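Protein chains: 2
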Amino acid sequence: MNTPKISTKPPSGMRDFLPADIARRQHVIDVVRRIYGRYGFVPLETPAIENLSTLLGKYGEEGDQLLYRILHRRDGFGRALDEVLAQADALKSGEGGSRGHLQGVFADEGLRYDLTVPLARVTAQYDLPKYFKRYQIQPVWRADRPGKGRFREFYQCDVDITGTTSVVAEAEVCGAVAEVLRELGFVDFKIRINHRQLLRAMMSHAGIDPGHEAAALVAVDKLDKIGHGGVKEELAARGIAAEAADSLMLLILSGEAESLFGFAGNVAATGPKAGISRLRKQLKDPRGLQALDELDQIVDLVAATPAAPHLTLSLDLARGLGYYTGAIFEIAVHDLAGSLGGGGRYDNLVGMFGKKQVPAVGFSLGLERILVVMEERGMFPNLSVGPDVLLCWMEGLARADVLRVAHALRRQGLKVEVFPEEAKLGKQLQYADAPGVKAPVAAIVGVEELAAGQVTLKHLASGEQERVAQDGAGEAVRALLRR
Amino acid sequence: MNTPKISTKPPSGMRDFLPADIARRQHVIDVVRRIYGRYGFVPLETPAIENLSTLLGKYGEEGDQLLYRILHRRDGFGRALDEVLAQADALKSGEGGSRGHLQGVFADEGLRYDLTVPLARVTAQYDLPKYFKRYQIQPVWRADRPGKGRFREFYQCDVDITGTTSVVAEAEVCGAVAEVLRELGFVDFKIRINHRQLLRAMMSHAGIDPGHEAAALVAVDKLDKIGHGGVKEELAARGIAAEAADSLMLLILSGEAESLFGFAGNVAATGPKAGISRLRKQLKDPRGLQALDELDQIVDLVAATPAAPHLTLSLDLARGLGYYTGAIFEIAVHDLAGSLGGGGRYDNLVGMFGKKQVPAVGFSLGLERILVVMEERGMFPNLSVGPDVLLCWMEGLARADVLRVAHALRRQGLKVEVFPEEAKLGKQLQYADAPGVKAPVAAIVGVEELAAGQVTLKHLASGEQERVAQDGAGEAVRALLRR
Numbered sequence: 452m453n454t455p456k457i458s459t460k461p462p463s464g465m466r467d468f469l470p471a472d473i474a475r476r477q478h479v480i481d482v483v484r485r486i487y488g489r490y491g492f493v494p495l496e497t498p499a500i501e502n503l504s505t506l507l508g509k510y511g512e513e514g515d516q517l518l519y520r521i522l523h524r525r526d527g528f529g530r531a532l533d534e535v536l537a538q539a540d541a542l543k544s545g546e547g548g549s550r551g552h553l554q555g556v557f558a559d560e561g562l563r564y565d566l567t568v569p570l571a572r573v574t575a576q577y578d579l580p581k582y583f584k585r586y587q588i589q590p591v592w593r594a595d596r597p598g599k600g601r602f603r604e605f606y607q608c609d610v611d612i613t614g615t616t617s618v619v620a621e622a623e624v625c626g627a628v629a630e631v632l633r634e635l636g637f638v639d640f641k642i643r644i645n646h647r648q649l650l651r652a653m654m655s656h657a658g659i660d661p662g663h664e665a666a667a668l669v670a671v672d673k674l675d676k677i678g679h680g681g682v683k684e685e686l687a688a689r690g691i692a693a694e695a696a697d698s699l700m701l702l703i704l705s706g707e708a709e710s711l712f713g714f715a716g717n718v719a720a721t722g723p724k725a726g727i728s729r730l731r732k733q734l735k736d737p738r739g740l741q742a743l744d745e746l747d748q749i750v751d752l753v754a755a756t757p758a759a760p761h762l763t764l765s766l767d768l769a770r771g772l773g774y775y776t777g778a779i780f781e782i783a784v785h786d787l788a789g790s791l792g793g794g795g796r797y798d799n800l801v802g803m804f805g806k807k808q809v810p811a812v813g814f815s816l817g818l819e820r821i822l823v824v825m826e827e828r829g830m831f832p833n834l835s836v837g838p839d840v841l842l843c844w845m846e847g848l849a850r851a852d853v854l855r856v857a858h859a860l861r862r863q864g865l866k867v868e869v870f871p872e873e874a875k876l877g878k879q880l881q882y883a884d885a886p887g888v889k890a891p892v893a894a895i896v897g898v899e900e901l902a903a904g905q906v907t908l909k910h911l912a913s914g915e916q917e918r919v920a921q922d923g924a925g926e927a928v929r930a931l932l933r934r
Numbered sequence: 452m453n454t455p456k457i458s459t460k461p462p463s464g465m466r467d468f469l470p471a472d473i474a475r476r477q478h479v480i481d482v483v484r485r486i487y488g489r490y491g492f493v494p495l496e497t498p499a500i501e502n503l504s505t506l507l508g509k510y511g512e513e514g515d516q517l518l519y520r521i522l523h524r525r526d527g528f529g530r531a532l533d534e535v536l537a538q539a540d541a542l543k544s545g546e547g548g549s550r551g552h553l554q555g556v557f558a559d560e561g562l563r564y565d566l567t568v569p570l571a572r573v574t575a576q577y578d579l580p581k582y583f584k585r586y587q588i589q590p591v592w593r594a595d596r597p598g599k600g601r602f603r604e605f606y607q608c609d610v611d612i613t614g615t616t617s618v619v620a621e622a623e624v625c626g627a628v629a630e631v632l633r634e635l636g637f638v639d640f641k642i643r644i645n646h647r648q649l650l651r652a653m654m655s656h657a658g659i660d661p662g663h664e665a666a667a668l669v670a671v672d673k674l675d676k677i678g679h680g681g682v683k684e685e686l687a688a689r690g691i692a693a694e695a696a697d698s699l700m701l702l703i704l705s706g707e708a709e710s711l712f713g714f715a716g717n718v719a720a721t722g723p724k725a726g727i728s729r730l731r732k733q734l735k736d737p738r739g740l741q742a743l744d745e746l747d748q749i750v751d752l753v754a755a756t757p758a759a760p761h762l763t764l765s766l767d768l769a770r771g772l773g774y775y776t777g778a779i780f781e782i783a784v785h786d787l788a789g790s791l792g793g794g795g796r797y798d799n800l801v802g803m804f805g806k807k808q809v810p811a812v813g814f815s816l817g818l819e820r821i822l823v824v825m826e827e828r829g830m831f832p833n834l835s836v837g838p839d840v841l842l843c844w845m846e847g848l849a850r851a852d853v854l855r856v857a858h859a860l861r862r863q864g865l866k867v868e869v870f871p872e873e874a875k876l877g878k879q880l881q882y883a884d885a886p887g888v889k890a891p892v893a894a895i896v897g898v899e900e901l902a903a904g905q906v907t908l909k910h911l912a913s914g915e916q917e918r919v920a921q922d923g924a925g926e927a928v929r930a931l932l933r934r
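Residue numbers (my numbering), protein chains in the order written: chain Z, 452 to 934; chain Y, 452 to 934.
Just chain Z, same shape as in the assembly (with noise of 0.2 Å):
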């Protein structure tokens, strides 16, 4: 052929998923959609292109940046590509700085970057129930660097609850997460809880003035890859001076040292309350000591659902998104550097679209995470990918007689494939165990067993055959898929 070789890789970052990628990840969402189906959560679908207005300012600068965005078309790029020319001059020789603002000139959309804006513009646009409980699992698209288990197309697994305060809400997204993992295999995860105004709170105790708050989260949230050493450099690095930086680090370490014990074991219930009360005694500030409050509700609360063991107080989670308000949550595994999965309460966000204010809050769980630690720790069951028959048939049969048959198998509820061309029955059944087809039986039909209304099945593991009736095929066939 002359045709020049394109790429038939996908792009960066992206993936491809064959039938047997399809089957572990099917299994994890269909025990994501049961389980949230059981807590109550009803499904919301939104799509993949959003409005730029809908999703700038809203994930911080970083966000920002690594938003997808589609191109203006036809007239609109030539527009965009007219108002570029038009400052031509200015822009060549400098003048206009840095030119990433022009990106605004050649797009107004996006692709999704998370489900929870989605989910609050939908809540601000749409007449929905007082306690919306939604569960969403859709692929987002993010322009990071790619690397290992970091794709820029991945699914997120998200539950919400729009319309409360009350911190049964913050109960019930932990249980239904936590309920999911269990009943995927997990028993040894943590969910770490934290709570953005006791953050405020320990930093204002600590002397870090307002203005540093944000770039302190920053630092703070590096605990786990940095230590604390790192942590006390980056915070120099920011202009907080050592003394604040030291009284924050104690502050966090006294809730945390606490939490180390609380993990081994069901004992949410006193670990974290011990590290709760104990920085009840240092904080004075209201903030602080509300958020301490509800920390302290949100235990007894959790306690009672299947997150219970696995819950752990973490001063130093901080979550990078901007939008959390209150508590905080996050999914740590011992042999995964990130996180299974993540979230919060958002009480803001809704009302950043301008039409109402609704309080929130939810729970993301990372159907790569999930999938990459599973794999590696050969938690799949049996997971059946293939055709159940590879319908095989002797040379001289007419081809429509050999469909009906395939037919009448699959009226009974199997999964048939047909061989579609004339071959000997070696070869047929050779295919048959091919990678990627592995059907666990051959269905033989011949002149005989066409004229007599039968079939004979083989097999392949152990080489036995019978012939069966056509109509009793598919519980023959089931009685061998069970061997």
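Source of the hints: derived by calculation from the structure; they are not laboratory data. All of these numbers come straight from a predicted model, not from anything done at the bench. Watch out, some of these pointers could steer you wrong.
Copies of the same chain look alike in the list, so a pair counts if it works inside one copy or between any two.
Said to hold, decoys possible - The calculated lysine-lysine pairs, modelled on DSS-like cross-linking and capped at a C-alpha distance of 27 Å, are: (1) Lys456 with Lys581; (2) Lys599 with Lys460; (3) Lys724 with Lys807; (4) Lys875 with Lys599; (5) Lys460 with Lys735; (6) Lys732 with Lys599; (7) Lys456 with Lys889; (8) Lys673 with Lys456.
Use these hints to put chain Y onto chain Z, whose structure you have.
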């Protein structure tokens, strides 16, 4: 609030799916997945974002225009700006002519436009089974003018068989989509069939030169919409002599008339075959005769599948997409202007990636089209959306105890929503019936019930109440739901 209002609608041509929408979509998708699996197809998924080199030149010029392109980010965007600025003077003076090609400077990735081209890429990239039968159910994006039933994001449900030129593959894809539609309750659809090589041969026979073939195809494809007179006018406008146009229309009608008979019942084996044999007497072109042979075989094989009563020869069917090489299909119902789906054989598409040539045939169902007809005809079964039970609780109860009861009910497989706030029982019961909640049963727990390990179940439609043990609530609720 002082926040400016941002639009909270989804972008033009995009939709939010609320829980009741999802229930209907999921109902159809479940049937599609089950039936496609029974026909031996295995699932595949590909990323939403593809390299533009994969997409461009596959869908015809109009398709290329409708692609969503992803704007370059950061340095990539800067380089694109520089490239445009470098030729600013030429562009401003208009020397550049059409500037649409500059889109290629700003984007090298785009959104998935169909599921066939990604399958072709995947087929070229991986070592798949020789006969790869895959299904794929994913959204695609086209920047088309939105209209009634026409969206910019919509789902396709595709089956394809790669690796064989055997017309068994044509029959299998027709059988699979027909069984999906029948399982959903459709009885009156037509599967219109034609053949690209036959169309070419008819044109050549009519005296249309090969240079006019593509234009004539487009005109003929509109027969349904604009009638014979309209097509003739279009053919004339495209420079085709009136004599040739008449001759072509006569050929098309010679098959058409028969297929009109053919539709009213299970006469697919005779209806289309009569049309085929009449054409065989008129055409001399060997391509045309071979196409008629293939159609003849396909008709015989389809007669052995659930598609049998639906097949009809439609010589005016042309299909828009460029990549078809053999048989082409389209599904029509009388109460929808567009089609429910379409497909055909495309033996050269995989080869366009320059690695290997693999023949293929496929059929695509349009989820939204199916949904709109099912909706209008009232074909949906009763689909439950919300929770089975709203758990209501009397003042004074500890919320942790309420969550424990919820957990006990959920363990029995019930979908349970917990009223999250303290409120009068009447208000809670009222909420159970609110739009978007519609829990059929309220489970009420007070101090007495809690102490006795019981709940009071209230069937909201009848108002009947009974007090049952928590452990027996699952069975009791299911009995109420069956009413």
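Structure-based check of all given hints:
1. Lys456 with Lys581: For Lys456 and Lys581, the Cα distance is within 27 Å only across copies (21 Å; inside one copy 56 Å).
2. Lys599 with Lys460: within (17 Å within a copy, 36 Å between copies)
3. Lys724 with Lys807: neither (35 Å within a copy, 65 Å between copies)
4. Lys875 with Lys599: So Lys875 and Lys599 fail the 27 Å test inside a copy (46 Å) and across (52 Å) alike.
5. Lys460 with Lys735: For Lys460 and Lys735, neither the intra-copy (58 Å) nor the inter-copy (44 Å) Cα distance is at most 27 Å.
6. Lys732 with Lys599: neither (43 Å within a copy, 64 Å between copies)
7. Lys456 with Lys889: neither (31 Å within a copy, 57 Å between copies)
8. Lys673 with Lys456: Answer is neither: 45 Å inside a copy and 36 Å across each miss the 27 Å cutoff.
Checked against the numbered hints given earlier, this structure breaks hints 3, 4, 5, 6, 7, 8; the rest are met.
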